[in-house]
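Number of protein chains: 2
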Amino acid sequence: VLGFLSVTLFFLLSFGREAEVSASQEAYEDVQWTSDSNSHPPWLRFHLNISRWQLYLHRDPNMEPLTQQLATHRIVSAVQKSGGTQLKLVMSFPNYGQAMLKPMKQERDEETNYNLYYFSDFERHNAEIAAFHLDRILGYRRVPPVAGRLVDVVKEIKDITTDRKLARTFFTSPVGNVCFYGQCSYYCSTEHAVCGRPRHLEASLAVMLPDLSLASRRTWRSPWRRSYSRSKLAKWETEPDYCSTVKKTPPYDKGTRLVDFMDMVILDFLMGNMDRHHYETFEKFGNNTFLLHLDNGRAFGRHSKDEPSILAPLEQCCRIRRSTWLRLRLLSLPQYRLSDVMRASLFSDPLHRVAPLLSEPHLAALN
Amino acid sequence: VLGFLSVTLFFLLSFGREAEVSASQEAYEDVQWTSDSNSHPPWLRFHLNISRWQLYLHRDPNMEPLTQQLATHRIVSAVQKSGGTQLKLVMSFPNYGQAMLKPMKQERDEETNYNLYYFSDFERHNAEIAAFHLDRILGYRRVPPVAGRLVDVVKEIKDITTDRKLARTFFTSPVGNVCFYGQCSYYCSTEHAVCGRPRHLEASLAVMLPDLSLASRRTWRSPWRRSYSRSKLAKWETEPDYCSTVKKTPPYDKGTRLVDFMDMVILDFLMGNMDRHHYETFEKFGNNTFLLHLDNGRAFGRHSKDEPSILAPLEQCCRIRRSTWLRLRLLSLPQYRLSDVMRASLFSDPLHRVAPLLSEPHLAALN
Numbered sequence: 001v002l003g004f005l006s007v008t009l010f011f012l013l014s015f016g017r018e019a020e021v022s023a024s025q026e027a028y029e030d031v032q033w034t035s036d037s038n039s040h041p042p043w044l045r046f047h048l049n050i051s052r053w054q055l056y057l058h059r060d061p062n063m064e065p066l067t068q069q070l071a072t073h074r075i076v077s078a079v080q081k082s083g084g085t086q087l088k089l090v091m092s093f094p095n096y097g098q099a100m101l102k103p104m105k106q107e108r109d110e111e112t113n114y115n116l117y118y119f120s121d122f123e124r125h126n127a128e129i130a131a132f133h134l135d136r137i138l139g140y141r142r143v144p145p146v147a148g149r150l151v152d153v154v155k156e157i158k159d160i161t162t163d164r165k166l167a168r169t170f171f172t173s174p175v176g177n178v179c180f181y182g183q184c185s186y187y188c189s190t191e192h193a194v195c196g197r198p199r200h201l202e203a204s205l206a207v208m209l210p211d212l213s214l215a216s217r218r219t220w221r222s223p224w225r226r227s228y229s230r231s232k233l234a235k236w237e238t239e240p241d242y243c244s245t246v247k248k249t250p251p252y253d254k255g256t257r258l259v260d261f262m263d264m265v266i267l268d269f270l271m272g273n274m275d276r277h278h279y280e281t282f283e284k285f286g287n288n289t290f291l292l293h294l295d296n297g298r299a300f301g302r303h304s305k306d307e308p309s310i311l312a313p314l315e316q317c318c319r320i321r322r323s324t325w326l327r328l329r330l331l332s333l334p335q336y337r338l339s340d341v342m343r344a345s346l347f348s349d350p351l352h353r354v355a356p357l358l359s360e361p362h363l364a365a366l367n
Numbered sequence: 001v002l003g004f005l006s007v008t009l010f011f012l013l014s015f016g017r018e019a020e021v022s023a024s025q026e027a028y029e030d031v032q033w034t035s036d037s038n039s040h041p042p043w044l045r046f047h048l049n050i051s052r053w054q055l056y057l058h059r060d061p062n063m064e065p066l067t068q069q070l071a072t073h074r075i076v077s078a079v080q081k082s083g084g085t086q087l088k089l090v091m092s093f094p095n096y097g098q099a100m101l102k103p104m105k106q107e108r109d110e111e112t113n114y115n116l117y118y119f120s121d122f123e124r125h126n127a128e129i130a131a132f133h134l135d136r137i138l139g140y141r142r143v144p145p146v147a148g149r150l151v152d153v154v155k156e157i158k159d160i161t162t163d164r165k166l167a168r169t170f171f172t173s174p175v176g177n178v179c180f181y182g183q184c185s186y187y188c189s190t191e192h193a194v195c196g197r198p199r200h201l202e203a204s205l206a207v208m209l210p211d212l213s214l215a216s217r218r219t220w221r222s223p224w225r226r227s228y229s230r231s232k233l234a235k236w237e238t239e240p241d242y243c244s245t246v247k248k249t250p251p252y253d254k255g256t257r258l259v260d261f262m263d264m265v266i267l268d269f270l271m272g273n274m275d276r277h278h279y280e281t282f283e284k285f286g287n288n289t290f291l292l293h294l295d296n297g298r299a300f301g302r303h304s305k306d307e308p309s310i311l312a313p314l315e316q317c318c319r320i321r322r323s324t325w326l327r328l329r330l331l332s333l334p335q336y337r338l339s340d341v342m343r344a345s346l347f348s349d350p351l352h353r354v355a356p357l358l359s360e361p362h363l364a365a366l367n
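Keeping their order, the protein sequence lines are chains A and B. Throughout the first sequence, residue numbering follows the UniProt record's numbering, covering 1 to 367 in sequence. Throughout the second sequence, residue numbering follows the UniProt record's numbering, covering 1 to 367 in sequence.
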């Protein structure tokens, strides 16, 4: 019943309403909550309010209950997310909400080994959390909400999972911690096990987007995709005039796609994410819609070195959305310094009580 | 020609002479070098002087030229050693000498992740070097000589190797270091590449023992072998009276085998090596011979915690060789503190100039 309700409401309320309301983002933000939607669980309200312009509202009253759910609701199911290269779990809540879990694999003060290529880096749970906050601070609202959580790997994963391939990989480490490694193509082995202390594991929980059957998505290959090879260079690395070709190629030739892309580039530069090979949009909204900033686990791997090549698209096209430019200028003022705004924002995450989500060198690097 | 010479000399001089000389180790040490052997390369002299009692002499005049060769002689060939679980190379010198290379994989101040089982631990080049020194300090002389060396991975491996499987795995890291990973069952992948700085790599070079066709060896499964399983326990872990069975079982029921084994246990405890699943002896010497202490790369992984289970054989059998007992007492006197003796001994290794081979916490842990 909920499934059907969700389909109907999704189309009627979210997409329907979005079409009725003006095309202006500002106007859309003023839409008041109807009393109906108060009875929906936070995850459904989130789904229903995804618009052509953003995933959630500025000052969205649903954010607090939604992150509360991610951080505290009882977990009734945990299975591996298939298809990924690294270990991720899909967790379910009693109200049918779902979240994607990424486990802590690296200490906060560790930097990515400088001999590793970007495509061999670990995914970091705190990068997923920090990316959500940074994206929101930049005014994008294109990262699905993420909350940190201290998960009991026995009670909340091992004891309840129906995924036998996952269950088989649990073991107790020599010092008595409960560990598991799952099945995936990278880092799923005893040597790279994820361990509780003794059974509590830090993790990020990102709310799932509407199922693809309800809201199909289109995947776009980034024109500035890296080569994912140790020896080959990508076209954009050797052709100085690469952007002039891209600018003539749909969908970058009209509308806001190019500046939307630059927005993503700026986010990725600030958090040192070199792994943005693809991005997605909601099919239903066609080409005039925001870009989803999904999968940020490889961000915040190194604070001691900037990676200017991430800014290549900005440099080569010399285009930036005016509001983003103004926002960046605002965030460079002493009273709104990005590191301070981020520190304050991350303070609201439940895992903050365990340890600050970004170490001070990472915060400082944002400036 | 050299091969044949080596066979002849090996039997005539080393084993033949060994039989003529008295059975006393002390007497054997007094045997003077014949002028003949001065014309042999150091590695051959080493082979020729392996005895029933030890690999080399106390104050062996060949040690200096031998370690010099390992540390400085030109390398003319480098191929992977097959069969191992982790990456090792066999290096050849112009005088037909050979050495086993293990590359640096871990910083000195890193401790083995406490959630890793002993069978998943890295091999450490500095553990191979330190084990040689410790074994010598304990008066055993059962570890083949090892020297540290800063190897040029391009000139001394990549450019000269005939091993195409090895050559294929070379690449330049994002920061311009030359890296490779080889082919093996563990840690041979991009994510675990071994990297020069930018092409200089710390490594241990252990002199090779005589070829198995010249001096075949017997492999013995350790009675106190660990289970090599995350869940199973070994017999010795559950049967308090385990030693009484072992003591009745050949070859532990007569001669010095049991105290020889305890010698090895003491070495392993001091250096925290849990990975002694097998040991070897020279076939030719039968059961009355020393135990080879080969393959010590998993020692010195952790300084912050002793591993008392390594001493289980000693505890369960309550037997120790008198000379070892006296040596340990000597090394506990303030003027011969083991950490000081080891620090001084390791000072002679060429890699000492790059960085002390054992960090101070590791040296302190020896006491």
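Quick caveat, the hints were computed from the structure, so don't treat them as lab data. All residues carry an ideal CB built from backbone N, CA and C; glycine is no exception. Be careful, since some hints might not be right.
Derived Cβ-Cβ restraints for the label pairs, each shown as a range [unchecked claim]:
#1 R168(A) / R197(B): 34 to 44 Å
#2 S231(B) / S332(A): 50 to 60 Å
#3 S189(A) / S216(B): 41 to 51 Å
#4 F347(A) / A71(B): 37 to 47 Å
Some chain A residues near chain B, calculated using beta-carbon distances under 7 Å [to be verified]:
#5 S120
#6 T169
#7 F170
#8 F171
#9 P174
#10 V175
#11 N177
#12 E191
#13 S227
#14 R230
Structure-based check of each hint:
Checked against the given bound of 34 to 44 Å, the beta carbons of R168(A) and R197(B), roughly 40 Å apart, stay inside it. Here the CB-CB span from S231(B) to S332(A) is close to 56 Å, well matched to the stated 50 to 60 Å. At about 36 Å, the beta-carbon gap between S189(A) and S216(B) misses the expected band of 41 to 51 Å. Remark: the range hint 37 to 47 Å for F347(A) to A71(B) is contradicted by a beta-carbon distance near 55 Å.
Among the interface hints, the one on S120(A) holds; its C-beta lies about 5 Å from the nearest C-beta in chain B, closer than the 7 Å criterion. With a cut of 7 Å, the hint placing T169(A) at the interface with chain B is violated, because the nearest CB-to-CB distance is about 10 Å. Evaluation of the F170(A) hint against chain B yields a violated restraint, the C-beta minimum of about 10 Å exceeding 7 Å. Given the 7 Å rule on beta carbons, the hint for F171(A) holds: about 4 Å separates it from the nearest Cβ of chain B.
A distance limit of 7 Å between C-beta atoms decides the matter here; for P174(A) the minimum to chain B is near 6 Å, and the interface restraint holds. At about 5 Å, the closest approach between the beta carbon of V175(A) and any beta carbon in chain B falls short of 7 Å, and the interface hint on this residue holds. For the restraint placing N177(A) at the interface with chain B, the shortest Cβ-Cβ distance is roughly 6 Å, inside the 7 Å limit, so the hint holds. With a least beta-carbon distance of about 5 Å to chain B, the hint placing E191(A) at the interface is held under the 7 Å criterion.
Proximity of S227(A) to chain B is violated relative to the hint, the smallest CB-CB distance being about 12 Å (cut-off 7 Å). Hint status for R230(A) relative to chain B: holds, with the closest Cβ pair at about 4 Å, below 7 Å.
Against the hints set out earlier in the document, violations occur for numbers 3, 4, 6, 7 and 13.
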